[in-house]
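Trainee: For the first sequence, the numbering used here assigns the number 1 to the initial residue and increments by one for each residue that follows.
Think of the hints as simulated: they come from the structure by calculation, not from any bench. It is possible that part of the hints are untrue.
Stated by the list, open to error - Simulated restraints on C-beta separations:
# : residue 1 : residue 2 : range
1 : 151       : 249       : 37 to 45 Å
2 : 108       : 87        : 50 to 58 Å
3 : 479       : 254       : 39 to 47 Å
4 : 151       : 26        : 41 to 49 Å
5 : 151       : 488       : 23 to 31 Å
6 : 615       : 594       : 39 to 47 Å
7 : 456       : 258       : 17 to 25 Å
8 : 7         : 519       : 51 to 59 Å
Each residue gets a CB set at the ideal place from its N, CA and C atoms; glycine is no exception.
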Amino acid sequence: MTEAHKPLNFIEQIVEEDLAGTYTKDDLRFRFPPEPNGYLHIGHCKAICISFGLGEKYGAPVNLRFDDTNPAKEEQEYVDAIKEDVSWLGYKWDKVCFSSDYFQQLYDWAITLIKDGKAYVDSQTSEAMAEQKGTPTQPGVDGPYRNRSVEENLDLFARMKAGEFSEGEHILRAKIDMTHTNMLMRDPIMYRVLHKDHHRTGSDWCIYPMYDWTHGESDYIEQISHSLCSLEFKPHRELYDWFLDQVYTGKDVRTKQREFARLNLNYTIMSKRKLLKLVEEGVVSDWDDPRMPTISGLRRRGYTAASIRNFIDAVGVAKRDNVIDVALLEFHIREDLNKTAPRVMAVLDPVKLVITNYPEGQEEWLDAENNPEDQTAGERKVPFSRELYIEREDFKENAGNKYFRLTTGKEVRLKNAYIIKGGEAIKDASGTITEIHCTYDPESRSGSGTEASKRNVKGTLHWVSIQHAVKAEVRLFDRLFSDENPDGHEGKDFMDFINPNSLQIITGYLEPSLQEVSTGDIFQFQRMGYFNVDKESTKKHLVFNRTVGLRDSWAKKKPKQQQPQQQGAQKPQQQASPLSVINKLGKKLANLPEEKRLKTVADIHKYAVELTEEEVQGFFNTAAKKVGTRLAGLESLYAFAKAQEKEPKDIEGAAAFIEKAREDNNELLQEAASRF
RNA sequence: UGGCCUAUGGUGUAACUGGCAACACGUCGGUUUUUGGUACCGAAGAGUCUAGGUUCGAGCCCUAGUGGGCCAACCA
1 MTEAHKPLNF
11 IEQIVEEDLA
21 GTYTKDDLRF
31 RFPPEPNGYL
41 HIGHCKAICI
51 SFGLGEKYGA
61 PVNLRFDDTN
71 PAKEEQEYVD
81 AIKEDVSWLG
91 YKWDKVCFSS
101 DYFQQLYDWA
111 ITLIKDGKAY
121 VDSQTSEAMA
131 EQKGTPTQPG
141 VDGPYRNRSV
151 EENLDLFARM
161 KAGEFSEGEH
171 ILRAKIDMTH
181 TNMLMRDPIM
191 YRVLHKDHHR
201 TGSDWCIYPM
211 YDWTHGESDY
221 IEQISHSLCS
231 LEFKPHRELY
241 DWFLDQVYTG
251 KDVRTKQREF
261 ARLNLNYTIM
271 SKRKLLKLVE
281 EGVVSDWDDP
291 RMPTISGLRR
301 RGYTAASIRN
311 FIDAVGVAKR
321 DNVIDVALLE
331 FHIREDLNKT
341 APRVMAVLDP
351 VKLVITNYPE
361 GQEEWLDAEN
371 NPEDQTAGER
381 KVPFSRELYI
391 EREDFKENAG
401 NKYFRLTTGK
411 EVRLKNAYII
421 KGGEAIKDAS
431 GTITEIHCTY
441 DPESRSGSGT
451 EASKRNVKGT
461 LHWVSIQHAV
471 KAEVRLFDRL
481 FSDENPDGHE
491 GKDFMDFINP
501 NSLQIITGYL
511 EPSLQEVSTG
521 DIFQFQRMGY
531 FNVDKESTKK
541 HLVFNRTVGL
551 RDSWAKKKPK
561 QQQPQQQGAQ
571 KPQQQASPLS
581 VINKLGKKLA
591 NLPEEKRLKT
601 VADIHKYAVE
611 LTEEEVQGFF
621 NTAAKKVGTR
631 LAGLESLYAF
641 AKAQEKEPKD
651 IEGAAAFIEK
661 AREDNNELLQ
671 EAASRF
């Protein structure tokens with residue numbers, strides 16, 4: 001039983017190493033620490049899945065901690081929304097914590113720092129302090145208040161807390177090193193005065209701790225073993241550790257910060273501030289607008305928690321900057337919904353179809369499968385009659401034989417119903433088709449088992465009986481931005497790239513079984529995509545969102561048909577050149593087993609005959625470390641010269657190339673070179 | 001005139017820690033199909049940023065360069 005080694009991402013490896021070292025399983029504890037100043041988005045899902053995923057993997061607790069140290073931006077509304085989103089994703093936190101719960105402890109520790117001479121009150125303007133701070137390339141200088149006495153610092157800090165000062169008059173700074181190469185270590189601010197009510201502590205405090213002073217200490221208080229965050233916090237790690245050193249007892253878990261690359265999605269922005277702007281300017285209806293990349297937006301759009309978790313899993317965890325294609329997200333929602341969504345019929349762009357030989361006034365209730373992917377899903381009845389709606393796109397008077405849908409004189413199947421033959425198309429004055437006539441084959445009813453019903457026809461159309469149809473508002477979404485990287489253009493604002501057609505509202509005609517639906521129900525409108533019931537939907541006025549379309553290989557083919565290959569021979573399926581084949585073969589030549597190597601050499605000889613002299617010469621300046629390639633070069637030279645009936649040494653540069661190989665430590669190179 | 005991080009098909013992530021670069025998405029082709037969906041089969045596509053070095057052997061280790069990212073909020 002050799003179980004395959006499941007590759008661990010680098011964070012899991014760190015945890016494994018710690019477990020192999022001084023940590024026990026009981027020491028493990030993680031946390032997800034959002035600031036409650038906005039809604040969570042798909043980028044946060046990565047952070048959530050990493051920490052909560054680790055919690056699930058190791059059976060370790062994960063805290064949900066609200067990093068609420070800035071009362072100016074934070075609100076209870078966001079706390080509630082964040083909790084809802086995390087639970088919806090399917091994660092269970094151990095404790096809900098708030099940084100604000102630690103304000104007293106943080107204050108006490110700050111006093112200790114002051115007493116140790118490691119913090120001081122600075123009373124300059126922020127401009128003056130910024131001046132002294134230097135730049136990334138230039139060291140900072142000490143400010144005039146840096147060496148205040150402990151007593152004075154204690155006094156001033158106590159009065160800051162007591163509310164004696166207005167905002168901006170004094171701040172508390174850590175005393176570290178104003179010339180440090182890491183800007184964050186140049187006496188970072190620990191406390192500022194803010195005369196604002198906090199959503200949890202009210203008016204208890206008028207000094208508030210800064211992120212760096214709060215975060216690591218909160219991790220420590222909660223005994224978080226691994227504090228995971230995104231890459232832009234890497235420079236903060238040094239300060240995180242410095243602050244931790246000031247309070248660490250040496251007897252308990254010393255938390256460590258590690259950083260991973262955040263998730264980026266093309267055609268999407270991922271900044272709370274900018275998403276807020278979309279909401280405030282009315283570009284979208286709210287944080288949960290189905291076009292938003294927020295968790296609540298995706299949820300309303302019809303995305304499932306499972307699909308998002310699978311997506312995050314597929315994306316992986318690493319340290320290099322990345323941009324994920326939204327197509328991957330779409331793949332995962334289709335994958336999930338394909339297995340679970342009941343199939344129904346709905347016509348979104350209707351044209352009337354009259355079955356001229358079907359008795360007027362007659363109706364039939366036909367059997368329809370609910371989900372071919374799930375045999376337990378059962379069947380339902382769908383009404384059929386003489387007058388139906390079909391999709392306008394599904395009829396063309398004359399079309400090529402690549403068109404599988406309804407055309408005059410050709411047969412097509414109506415899903416779950418009969419085979420029909422296209423007839424006359426009635427048009428209005430402007431030439432638009434208002435009505436299509438057809439005839440049906442009464443013997444061909446689906447599932448009847450007759451020969452006629454088993455007849456093979458190329459196309460199958462969805463339809464809905466006009467008299468039974470249920471009207472609904474259907475919202476079709478396109479990406480919010482027309483540019484792949486709306487945030488990444490110098491001199492242009494992301495607002496410049498807003499896609500004006502990101503929302504299209506139409507009226508669809510649905511089969512009557514859809515009359516009874518409730519918010520969140522998900523269906524596949526066959527051939528049209530996946531749709532869910534919006535929260536604004538009522539019995540009187542149904543509203544559906546299109547979550548995502550079906551994969552559509554026909555849509556991709558269509559444009560090609562209309563303008564066949566006029567762009568010149570695009571990429572004439574480049575035959576692999578002998579040179580590239582040799583390069584490929586040569587690559588691993590140096591460390592192949594004997595037998596395989598000899599075979600590869602023989603192959604190289606075969607291909608080398610087709611090389612040009614220039615190509616052979618190309619090998620001569622191969623990097624010394626590329627032993628395999630040099631080997632292949634020697635073999636090529638050998639075979640090439642032989643085929644050309646030349647002396648190898650007559651080829652320019654060959655002599656030096658061979659000589660260098662002869663002198664190499666590698667036996668294979670020596671051997672190959674000695675042949676010349 | 002700096003520090004830190006990073007570099008593998010079009011995209012993302014692997015490569016069991018130095019031994020024939022794999023998986024997924026995407027793309028293209030085929031089979032099946034009462035969804036031009038699904039499923040299944042197949043193909044193309046990188047030789048691992050560059051230059052040196054260590055090694056029998058380097059995507060992996062070392063050095064230098066180059067490209068990209070982050071760092072100068074009383075934000076987090």
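Trainee: Going through the earlier hints one by one, which of them does the structure break, listed in rising order?
Mentor: Result: hints 1, 2, 5, 6, 7 and 8 break, sorted rising.
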